[in-house]
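*Asks:* Single-letter residue listing:
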Amino acid sequence: MSVSAEQLAQDLRGIVGEDYVFADVFERMVYADTELPYDVEEGDLPDVVVQPADAQEISKILKYANEKKVPVTTYGSGTSLIFGTKVKHRGISLSTERLDYLRIDEDHQWFECGAGVKNGRLIKELGKLGYFLPIQTQAGSSFGGSVSVNTLGHLTDNVFARPVNNILGLEVVLPTGEIIETGSRCLRRAAGWDLAHIFIGAEGVLGVITKVRMILYPMPETADAVAFFKTTEEIGHAIALMYKNKLPLPMDGEFVGEKACKVGYEAFGLDFPEGAMAITRSMGRTKEEALRDASELVEFFKSVGATESFVLEDAEVKEKVWAVRENAMHWGEEKGLKGFQAIEVNPTLPQLPEAIAELKNITQGRKGLIGQTEAYLYGHVGSDSLHCLFVFPYDWSTEKMKQVVDEIWNLEKELQLKYDGVGGDWGWLPHRVPLFREKYGEVSYEIIKKMKRLFDPNNILNRGNIEGEV
Amino acid sequence: MKEEHVEENVEKELHDALVSCEKCHFCNLVCPIVDSRVTQGPFGINRAIYYGLKWNQFNDTLRDLVYSCTTCNKCVAMCKKVSRGLPLVEVFEKARELLLVEKAKGPMPEQAGVLKNMHVRGNPWGNPPHERTKWAEGLDVKFASQDNKVDILYFVGCASSYDAQGQKIAKNLAKIFKRAEVNFGILENETCSGHEARRMGEIDLFEYLSEANIGMFEEAGVCDIVTGDPHGFYSFSQEYPRMGNELRVRHYSQFLNDLMDEGKLKLSSKVNKKVTYHDPCYLGRHSEVFEEPRKLIQRIPGVTLVEMENSRADSDCCGMGGGRMWMEPPKGLVSSQAIAEKRVQQALATGAEIVLTACPFCNITLNDAVKSLEKEDSITVMDITELISMSL
Amino acid sequence: MNGGGEGVNSIVCMKQVPDTESIIRIDGEGTGIVEEGLTYVANPYDEYAVEEALRLREKFGEGKITVVTVGPQRAEEAMRYFFAMGADEGVLIRDDEPQKRDSLSVAQCLAEAIRDMEYDVIFCGKQAVDDDSGQVGAMLAELLDIPQATVVAKLEVADDKKSAVAHREIEGGEEVIEIQLPAVITAQKGLNEPRFTSLREIKRAMSKPIATREMRVPEAKTRVVSLERPPERPPGRILEGEDVDVVGELVDALRNEAKLID
Chain A
1 MSVSAEQLAQ
11 DLRGIVGEDY
21 VFADVFERMV
31 YADTELPYDV
41 EEGDLPDVVV
51 QPADAQEISK
61 ILKYANEKKV
71 PVTTYGSGTS
81 LIFGTKVKHR
91 GISLSTERLD
101 YLRIDEDHQW
111 FECGAGVKNG
121 RLIKELGKLG
131 YFLPIQTQAG
141 SSFGGSVSVN
151 TLGHLTDNVF
161 ARPVNNILGL
171 EVVLPTGEII
181 ETGSRCLRRA
191 AGWDLAHIFI
201 GAEGVLGVIT
211 KVRMILYPMP
221 ETADAVAFFK
231 TTEEIGHAIA
241 LMYKNKLPLP
251 MDGEFVGEKA
261 CKVGYEAFGL
271 DFPEGAMAIT
281 RSMGRTKEEA
291 LRDASELVEF
301 FKSVGATESF
311 VLEDAEVKEK
321 VWAVRENAMH
331 WGEEKGLKGF
341 QAIEVNPTLP
351 QLPEAIAELK
361 NITQGRKGLI
371 GQTEAYLYGH
381 VGSDSLHCLF
391 VFPYDWSTEK
401 MKQVVDEIWN
411 LEKELQLKYD
421 GVGGDWGWLP
431 HRVPLFREKY
441 GEVSYEIIKK
451 MKRLFDPNNI
461 LNRGNIEGEV
Chain B
1 MKEEHVEENV
11 EKELHDALVS
21 CEKCHFCNLV
31 CPIVDSRVTQ
41 GPFGINRAIY
51 YGLKWNQFND
61 TLRDLVYSCT
71 TCNKCVAMCK
81 KVSRGLPLVE
91 VFEKARELLL
101 VEKAKGPMPE
111 QAGVLKNMHV
121 RGNPWGNPPH
131 ERTKWAEGLD
141 VKFASQDNKV
151 DILYFVGCAS
161 SYDAQGQKIA
171 KNLAKIFKRA
181 EVNFGILENE
191 TCSGHEARRM
201 GEIDLFEYLS
211 EANIGMFEEA
221 GVCDIVTGDP
231 HGFYSFSQEY
241 PRMGNELRVR
251 HYSQFLNDLM
261 DEGKLKLSSK
271 VNKKVTYHDP
281 CYLGRHSEVF
291 EEPRKLIQRI
301 PGVTLVEMEN
311 SRADSDCCGM
321 GGGRMWMEPP
331 KGLVSSQAIA
341 EKRVQQALAT
351 GAEIVLTACP
361 FCNITLNDAV
371 KSLEKEDSIT
381 VMDITELISM
391 SL
Chain C
1 MNGGGEGVNS
11 IVCMKQVPDT
21 ESIIRIDGEG
31 TGIVEEGLTY
41 VANPYDEYAV
51 EEALRLREKF
61 GEGKITVVTV
71 GPQRAEEAMR
81 YFFAMGADEG
91 VLIRDDEPQK
101 RDSLSVAQCL
111 AEAIRDMEYD
121 VIFCGKQAVD
131 DDSGQVGAML
141 AELLDIPQAT
151 VVAKLEVADD
161 KKSAVAHREI
171 EGGEEVIEIQ
181 LPAVITAQKG
191 LNEPRFTSLR
201 EIKRAMSKPI
211 ATREMRVPEA
221 KTRVVSLERP
231 PERPPGRILE
241 GEDVDVVGEL
251 VDALRNEAKL
261 ID
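Residue numbers (the working numbering), protein chains in the order written: chain A, 1 to 470; chain B, 1 to 392; chain C, 1 to 262.
FYI, nobody ran anything at the bench for these hints, they're computed from the structure. No experiment lies behind these values; they were computed from the predicted model shown. Glycine included, C-beta positions come from ideal geometry on N, C-alpha and C. Take the hints with a grain of salt, since some may be wrong.
Each pair of labels, with its calculated beta carbon distance range [said to hold, decoys possible]: (1) Glu106/A <-> Arg195/C: 29 to 39 Å; (2) Met219/A <-> Gln345/B: 46 to 56 Å; (3) Ala158/C <-> Asn56/B: 31 to 41 Å; (4) Pro220/A <-> Gln345/B: 40 to 50 Å; (5) Glu118/C <-> Asn148/B: 35 to 45 Å; (6) Lys287/A <-> Glu291/B: 38 to 48 Å; (7) Leu239/C <-> Asn148/B: 35 to 45 Å; (8) Arg242/B <-> Glu42/A: 42 to 52 Å.
Partial list, computed: chain C residues near chain B (C-beta under 10 Å) [to be verified]: (9) Asp19; (10) Ser22; (11) Glu35; (12) Thr39; (13) Val41; (14) Gln188; (15) Asn192; (16) Glu193; (17) Phe196; (18) Glu201; (19) Ile202; (20) Lys203; (21) Met206; (22) Lys208.
Computed cross-link-like contacts, EDC-like style, restricted to lysine to aspartate or glutamate with a CA-CA straight-line distance of at most 20 Å [as the list claims (entries may be wrong)]: (23) Lys262/A <-> Glu374/A; (24) Lys208/C <-> Glu102/B; (25) Lys81/B <-> Asp406/A; (26) Lys105/B <-> Asp116/C; (27) Lys124/A <-> Asp314/B.
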């Protein structure tokens, strides 16, 4: 870039005011930190952090950045599990924190909010009025980030439409600074060209989403059920059959592999059947509907070999069951391990049991650092998604951690290619670029690069993500 | 909590405590000081300390961040529940100790005078020591001593001794004790409990003050303390050395319930009020005393108790703990007034006429916030003792 | 005499005084105060003095700061506070009967001790808060035959340490003077913001040396004839009622009782 860090801060103060430009090392460092297990280094820091108030200020910032050739990394909440917010070329960290406007309009049956609104706040405010947010990520994640990745979180794909289908309109600032709006205020989504589709799922490389208008989704009634199986593979088998038998799909569901279950049962002193566990959440317009669907699933699970399965009506038991899954943060602690890296594998339905079997023992006999880690298998019932959590000593050196993280992403690639998976719910950029290229080929990859060049000729926005730089 | 001041190892201790942070940001969701800047809130502070140590950089921004925490402990509870269980507040306090004792970077400039006052005059505001017991004039309150043996030592605390709003608590408690014929006394030379000194990182001052008070407890031959100050209550119970099983410490909400159980305190006059209760952080979350105050309130005839949106372990901080009573954070970090006003809004939303609390700091702060929001006609802040007093 | 060489050397004259919030009791003779039970501190104005010495040393990179006091053994405690702030060493001119001295005898003792020391600046507080005499600094300068600037609110020392510009607070204004060094500077409140120092630092400062000087303290040329408490202030009276009703009562009280208006 053609301007010094001091000058950069000064010029940005001219755009957003004194109070919203941060140059101190302790402020910049927080915007550099991601959920990567290894430490941030001084070279990973942006030169300056800026918190604009609205699209107009962002427009000015991006025009300035193009003029001075300053890279800009967008930052919603920094909680991306594909570490898309990692700053690779210094420059400006553009925080959407102040885009926190929220309007819930029951007459129009949509809500509008700034990209910086956190999902937890949305869930709470929508909940107060009896509406549901059809995206289930962690409460601290930014809505703008969720929308730009087009994630459902762990909700079931066949049950919910992805954000792109529930969004009625966007306000976007292009990398070159122009501001556009898409969609409309009516409930009909546009057939044919809808420019929103270009940006939703583009993972922040084609423009900065600043405002989103999304439909209001009435809060469903729910009923949870649990099924215990001797082996996790049986769960995979059950899931595949659940679809084939046209059963009422759960809106959400988690399963926990045998190893992780054992940790959870011991941690909470639970007397649950040995093996793996699946939890399903059925939904309906009424409680009766939800219970009916949950009961159907219970019968189904029993019919496919569950050692035990029942609807979770007792609040205490329900809490304990969910606690085993929510204990995920503590997996590995029983062995003194705290550094971790997770992957997602989406096998085709018939391959689920095989994939589960492979993932269960993924670290055994493996060369390289993965062989020195512990792996815990879990995943989402219904959304065809397996996770493996690799845990390793957190006092490994930064170099060693970087290496094992690389190995793990590489392993994920191999598995996704083998099981014909699609890439997981965290997006592709940057760690899954090698997978994309191998799966879809260079022609497909070139399309992404061409689009990038078209929208962002100076490669200002989130530089390094499409390139797969980690 | 053990008293361990290991200078060289403090940096390693802090590093080890923070290194397993998962960076999930859940702590920030419940923190009272989080606003638009990510760098405040437990995540920002924790990372700042971690990298400050790693890169050996200790500047005023780091100090400002570390001292911005109210020590309310909501983040600790959240991290324990969903994540790695980092002892965040302990870490922040240790970091303050490091900055103050080793790096000459603490405390916040406005707190320097406060700490000096605690040391020289035994109270944070620098009020004359000989005026500490003035609130008790004319109330026939005994000074506990070997010649004047008491069953219960009422530890008043600085705020209740000197502050007009706080003195109401002391006066009402004295009145209630007398009515229940409790053989109680106060220390003639009571000095600051040192709680806030410790929160601000002046660990040696805390030791100095705690030793002074312990000396006085021993000299007066007391072994049963009741206090209306959750900060003192917490420190006596958890932090004062050599007390352990030797001394019994109760907050008045526990003691008055005991008196009522024993039939020694009866409340007869009806107080027909709709009230809500604000859990002070150091009585509630830190000391896990949630039910006794509620039980006490509901024993007042005529009272209807409603709960705020966030109560008990989820109760929101009034903003004045952790040394923040005596400092305003720099512009850009959330002001204490904003925190207190948020809590008052929650109280107003319940429709209660009175928001009751059991801590002089909360009392003073929430009262100021009611005034700054200009809601004096809608809601009044009272200590539970005031309502009890009205019902005697 | 001038220190010369790199860095800057300062002497800080300090007095240990009772904390201003102590209860002062007049002694049996009616000419002094009862010392037992008092909390003693370093004179607050002297804090500005030592802080200025510390800042001066920071500006020049190095130098020695010596604290000198005339007083009983307990004065060492106040000195250690200044050590904790950063002063290097101290000289205690032992005097077990401080109430029998006057400003001149104190200045003479200080001059005796300081005469043979190396210094660029001597800092004092502008006055001690117990007797409010405010003379020692000026007398010391005269006895040492060096210039003085008193009630200084801002000080700029030249890079060659040969002179300084002092901003003096005077009634209704500010006097700016240029003064040759070495000199005596007496500090006014606001000269700087004294740095915080922790109890740990005070403990660490126990290792810094204090040299005790025994000397014959010159006879005081003035003596206290009597010491009295100020008369008790009568309590205030609160006028109750609506503003419009009370104003008349207030005016009447100001005119006839307090006799403040005609």
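*Asks:* Tell me, which hint numbers fail for this structure?
*Replies:* 1, 2, 4, 5, 6, 11, 14, 15, 21, 22, 25, 26
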